[in-house]
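Knowing the structure of chain X, use the given hints to seat chain Z on it.
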Amino acid sequence: MNFDAKRPFRVNVPINNGGLAPARQKHKMDKLKNIFFLHAIIFLYSLTSLCAKFASKLAFFSLHWILLYGLQIFILGIYAILWQQVLKRLPLNFAFANKSLTILWGMLFGILIFKEIPTATNIIGGVIVLIGVVIMVTAPTKDKGDGLLTDASIGEEGAKHE
Amino acid sequence: MNKELFFFSLILLGSVFISSISQLLLKKSAQKSYPNKIREYLNPYVIIGYLLFFGCTLISMYALKVVPLSMAPILESFGYVFVAVLGFFFLKEKFTRRQLIGSALIILGIVVYSIGI
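These protein sequence lines are chains X and Z, in that order.
With the first letter of the first sequence counted as 1, position 92 gets the number 92 in our numbering; the numbers rise by one all the way through.
With the first letter of the second sequence counted as 1, position 106 gets the number 106 in our numbering; the numbers rise by one all the way through.
Just chain X, same shape as in the assembly:
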């Protein structure tokens, strides 16, 4: 008989089955969280060049310029603090390479707000740059693994600073 007098109603859940799996799943979630965090910051960063472009059209040190530049610095300040947290969790090369998405944001803002119509060579050149950046993202970094957010690269970077 398996009866345990001290815990008569205990439901027997296999203990060992999940020892590894939930940990991995959590790790995957952490990875996704880090990437989402990274891209939210990248979008925020794109907004700063929008502010800068607006401000560049104004007389430097005029009231409106100061307000716009202030807004840009404010966003940059938030970005900078968050970015430093990202650098702890992700390799510099990887984080920096993902910033290539600012190319798309920049083009989108340029077209929608400043009516900058891209030429054929603009688009081809932009695509070549993006491909170049993607090749760099997938290139191995100094961290072990393939550079594409392997467990090793995140685990090490993350663990170092816990």
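You can trust all of the hints, since none of them are fake.
Straight-line C-alpha distance at most 27 angstroms; calculated DSSO-like pairs for lysine-lysine:
no.	chain 1	residue 1	chain 2	residue 2
1	Z	32	Z	92
2	Z	37	X	33
3	Z	37	X	26
4	X	88	Z	92
5	X	28	X	88
6	X	88	Z	94
7	X	57	Z	3
8	X	31	Z	37
9	X	26	X	88
10	Z	32	X	31
11	Z	32	X	88
12	Z	94	X	31
13	Z	28	X	33
14	Z	28	Z	94
15	X	115	X	57
16	Z	37	X	88
17	Z	32	Z	94
18	X	33	X	88
19	X	88	X	31
20	Z	3	X	115
21	Z	65	Z	3
22	Z	92	Z	28
I should point out that these hints are in silico values taken from the structure, not numbers from a laboratory.
Positioned in the frame of chain X, the structure of chain Z alone reads:
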């Protein structure tokens, strides 16, 4: 590309280079361990890094007087090349063949982008 745009593009590239140096300083700082959160942000690496970064915002804005907004991120992509080179020399990160190919494509892409503007 007209002379004025070329000149202002060079200014933006200079700014990108300086900001890559600031990235390097931040990474240097992030690699160290500090006794507390305040020290993590207030140390020479981070302070100089952000001062450079701050200067870059003004230089970049000056460049944006002429450089179109959609072109700015293209030129800023040169930062990857700068960072890879700086990482190689100062962080002992490997500069692999793929990074070499990537860098070449980024430079080629910028050249192609610049054709006819």
